[in-house]
Amino acid sequence: MQDKFFHEDRFFNPDPGVRKIAREIYSSIKDSPIISPHGHVDPAIFAKNEPFPNPKELFISPDHYIFRMLYSQGITLEELDIPDKNGNTKSLNPQKVWQLFGDNYYLYAGTPTGAWLDYEFSEVFGIKERLNGINAVEIYNEISEKLNSTEFLPRALFEKFNIELLSTTDYATDSLIQHKSILESDWNGRIIPCFRPDAITNLLDMNWKENIEKLSALVNFELNSYKNYIEAIELRREFFKEMGATSTDHGVIEPFTHKLTKNKAEELFQKALTGAITEEDAFLFNANMLMEMARMSSEDGMVMQIHPGSYRNHNEAVYEKYGADKGCDIPIRTEFTINLHELLNAYGNHPNLTVIVFTLDESVYSRELAPLAGHYPAMKIGPAWWFNDSIHGMTRFREMVTETAGFYNTVGFNDDTRAFLSIPARHDLSRRVDSNYLAGLVAKHIVSKTEAIKIAEDLTYNLVKSAYKL
Amino acid sequence: MQDKFFHEDRFFNPDPGVRKIAREIYSSIKDSPIISPHGHVDPAIFAKNEPFPNPKELFISPDHYIFRMLYSQGITLEELDIPDKNGNTKSLNPQKVWQLFGDNYYLYAGTPTGAWLDYEFSEVFGIKERLNGINAVEIYNEISEKLNSTEFLPRALFEKFNIELLSTTDYATDSLIQHKSILESDWNGRIIPCFRPDAITNLLDMNWKENIEKLSALVNFELNSYKNYIEAIELRREFFKEMGATSTDHGVIEPFTHKLTKNKAEELFQKALTGAITEEDAFLFNANMLMEMARMSSEDGMVMQIHPGSYRNHNEAVYEKYGADKGCDIPIRTEFTINLHELLNAYGNHPNLTVIVFTLDESVYSRELAPLAGHYPAMKIGPAWWFNDSIHGMTRFREMVTETAGFYNTVGFNDDTRAFLSIPARHDLSRRVDSNYLAGLVAKHIVSKTEAIKIAEDLTYNLVKSAYKL
Amino acid sequence: MQDKFFHEDRFFNPDPGVRKIAREIYSSIKDSPIISPHGHVDPAIFAKNEPFPNPKELFISPDHYIFRMLYSQGITLEELDIPDKNGNTKSLNPQKVWQLFGDNYYLYAGTPTGAWLDYEFSEVFGIKERLNGINAVEIYNEISEKLNSTEFLPRALFEKFNIELLSTTDYATDSLIQHKSILESDWNGRIIPCFRPDAITNLLDMNWKENIEKLSALVNFELNSYKNYIEAIELRREFFKEMGATSTDHGVIEPFTHKLTKNKAEELFQKALTGAITEEDAFLFNANMLMEMARMSSEDGMVMQIHPGSYRNHNEAVYEKYGADKGCDIPIRTEFTINLHELLNAYGNHPNLTVIVFTLDESVYSRELAPLAGHYPAMKIGPAWWFNDSIHGMTRFREMVTETAGFYNTVGFNDDTRAFLSIPARHDLSRRVDSNYLAGLVAKHIVSKTEAIKIAEDLTYNLVKSAYKL
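Protein chains in written order, with this note's numbering: chain X, 370 to 839; chain B, 370 to 839; chain H, 370 to 839.
Derived by calculation from the structure, the hints in this document are not laboratory data.
Just to be clear, a hint being listed does not mean it is correct.
Since the list gives no way to pick one copy over another, a pair counts as held whenever it fits inside one copy or between any two copies.
Claimed, not checked - The calculated DSS-like cross-link candidates involving lysine-lysine, where the alpha carbons are at most 25 Å apart (straight line), are:
1. K818 x K497
2. K529 x K631
3. K389 x K417
4. K417 x K515
5. K818 x K389
6. K454 x K389
7. K596 x K583
Work the whole structure out from these sequences, hints included.
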């Protein structure tokens, strides 16, 4: 028999005094509704509400957090039958892939992926043992069976998970047809879009011209000038807002911000239309578009999110065969104090603007982000992101951010996931880490328990709603 | 009723074994006299020894640590009636401003500012509850009343706080008239100046030429050559030294050090006199002046402090209306290994020189500063500075510095404050964090308790005196 | 009487629950054989197997970890009688130097050097008190006496330390005569070389041409072309492999990787032969040689180690008098995501390659190294290196690496030392820190105790053997 693998005190400080306080704080927030203001779940699964196909398709195929670890240990994506960029697989027996997953499940020891999976197996599917090579088939069958029951349909799980709101992330040129379908259905689940215009603002995007044509078709006028282009973006934002969106999202390598003159912007836009863009051109245009987006947000009130610093598709061989989001995005050093100077000077004191800044570079928490958010009224710090959305990662976030920016210049938790089933696992982990951090402050007599419980409730629910204007 | 808000075990590790040791170590240092070798308290308050006007003027108006947090949450500096750059306010009712402060005091939860304020309210003014919106007026009145008693006059508090020595920070062109007045008074409080020549060494300082004229008037000869200029600086250092100064202080963005040829230095100096200086010119001149200052320190024995890496007045709108030191200074990434190479090669082995280096960029603690200070005899590491002068910040400092540089290449604590009343609070917090860190080493059997107590006494008192040559 | 200075629970979390688990995990690995896959012990000491001369020569003279701390506090290398670059000393009484060491032993409080020394004194020499100024002579005599017994001969200690394998680090042009002598002796201790070609790949090495001539003599053909040069390197790798080497090692300032065209490589090689090389040339040639080395490793299977980011001989005055490795090497900021892009794209998916990457810049653990090693099958992360090979340093390593890369993309411990006697001390400290980290995970219910013990055994023994192909 294995040691008990899923414990009610998991992630809490082992000191009995602190643990007792952590439990008490956690108990006041563990049943709060989930607000997921930023993520990548496909809205189609709720529009269609069809059963998830099988455990391998549910857990492994769409989740690069999972297969990147297996890949790092020499297991090929072919062996895991990950769909290639055209969606084709070799139709391997999914149970065999699952067996390989079970055989290597020990690799996740000490990782948040392991902690989330443990939660999903235990709390969602009622599995009693940690997955391994011996029980893999049995667990596969147990999950498969459940997936075919109505309780495990996407909408039923959405309700079971107590999700009050879920935001997806959508191309500026997305028709939002899935969102419309959900809105028009008799289901009350609240799923809203988020406006992500990278594919039309990054002049080096491989499909930029195609995207501009799509945009043109959607707004019904030609995009032959920078002015038209800006108007088209404003119209799409309006449409997204009508469809429920309250935020925009901007993925850039470097968060440099700089307003170009109209002439320069026009020049670059025309150059892009004729196709002869340089890296420097695209860099400047991006910097300018962040300024435009901040300006639009200060006008239409949509919350602006900046997610910088990811070197996308670092492993070109994997990218060429399998496409994006295959575990090959690697962070790079990121600078904010100088890069955001122009944006914050133009809009950082604006009462109608909220800019939520994320980072993959933890060295900026105490050095740049907390000092900036601890001063500019428009700026807030997004939660520990991606690789740092983890027990130690979130703890470092609180330790390095709170003392300068306090709790109230942060915005609660984002799960940022495309793995729907991991949502409650991720929120639970975050709530536990926050409860534990606050318990430490109580035990060290820095805040009272009453204050800590209030802060925990704000971090879990109230701050998310207010920061994202929900 | 609130939870007890001010606890005798605050900030100590909750583990009962460690806490017991921390208490014991702390008890051996808690009553040590305060030595404050670097800070920004205005010496005039001791020269004049007048009562502090009211709680708002005492706590809020001069302390950007406090109002930057309120500002970040959308409270304007107008609402707080912060004096503009000409010293003008709107004469709002200070009790109303205080009420706003009380209403928002929860924002400081988990910040060192909150911990210091709690100390000041509890230990200096005997307040029994944490400030909030309900008790704000009552507390205002309680503090106001005390401020009018002779016990709360600046000199009386200086003595009550058990301050053995306080260093101010002064322009190279300051007459030190307040210091002279204190020296000539019948009061024995030891308040010494520190020589800060940035305004005459930074060629891009808006008032550089004016400052050079002031300097010229003070030394009584014309500053028409680089040679004269250097001589004038040497004379001012001599004057500061006579007035009790034992240290100099240098605020630069990047701590690049490089000796220019005499011709090049002369050329840049003449260029500055005629006003056509570039950023590159100023950068090189600064690098050269750090070399000159190290040379002078190796000659006159004054301890050289370098405080680099702050992007001053990042929020230009606030700067234009309110001037400097309004919570808008934001750290940037800082490099030391390459930048200090020339200075350390020229003077780092010099027995008469002490260079104390500070940083706002914590990534350099283990990577650059500890290895440098753990080798060069002239170099020491200043304590966790500004945003990092906090419980977690000081703990990270010890964790990242000690293993490479030991305790004895650090220099004890600096409060670095312009908020006089926060001095005992800051020193107490620092002593507690050091006691706690040492208690951890004892509990992990790395040092004995006897050794830990000796180290604590050195960090609190002896190292400060020796490092600053007091 | 002193407090007990060497405790069986040292370095473990003081929480009684965690400590109990840590003890149990540690007990399962503490007697594992030592595998030392990377270090700098001189193989001659085992070839000759002569008694160590005296405590000062054994502990102080060869170990810059020790004398850099004394130097930083104003004790000169002359006073310590450190051999100059020609090996000359002033033949000071070694007992007097030892006394100075004892007088200043308190400087090592809280440092790993102190912890290692305590271990060596207690566990290797049976000393019962921490070294200090009073007991220094007594301890000197006690150690001296033991050094003259057969039990303290190098080979006897090697066996007593339970070292299964020790790797040295050797110039590409080394004859490996000491290794041959050991192999041909009747002693069974396994000591293998590691191929370190920096002195022939760094075109700016002061002796580059001389080294190329040596290399030419060893391979018995003229090195008049880049092609010949590459062939010669391949032959030397073959020779090292025959002599037992399983790894190569590359020390570069910046780990930039870039394949040059054959023509460009030839051009730079010829330029170097005639002596007119620039920094840019050397930088590009290094980048190219890392690509060549990765290519060769993918062919001959030797594990490639990269140790970047040390600014060597920062203190030129010390370097000129005393030579390299005198405590004057200082880390600089290091970048991996962009620098390793080309190498990892060319070879990172290769099943025959292992690249172990080390860093002195901890900011890259969570940002760059863990994400890279958590994806590329060929890449692994080397343990906390040099200044970070310490209690807090190794803890930070686990905390910042594990959540993204897991345990199995790391490679166990490297002692990396030239101080033979510190080997068991360093491995013991590492095993304790890992046991303690794992105990924390168990206490927080993240892994089971059974799982933790398995991981501890892998980190201590199995992963080292597999990663280094031993």
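Hint check against the structure, violated hint numbers in rising order: 2, 3, 6
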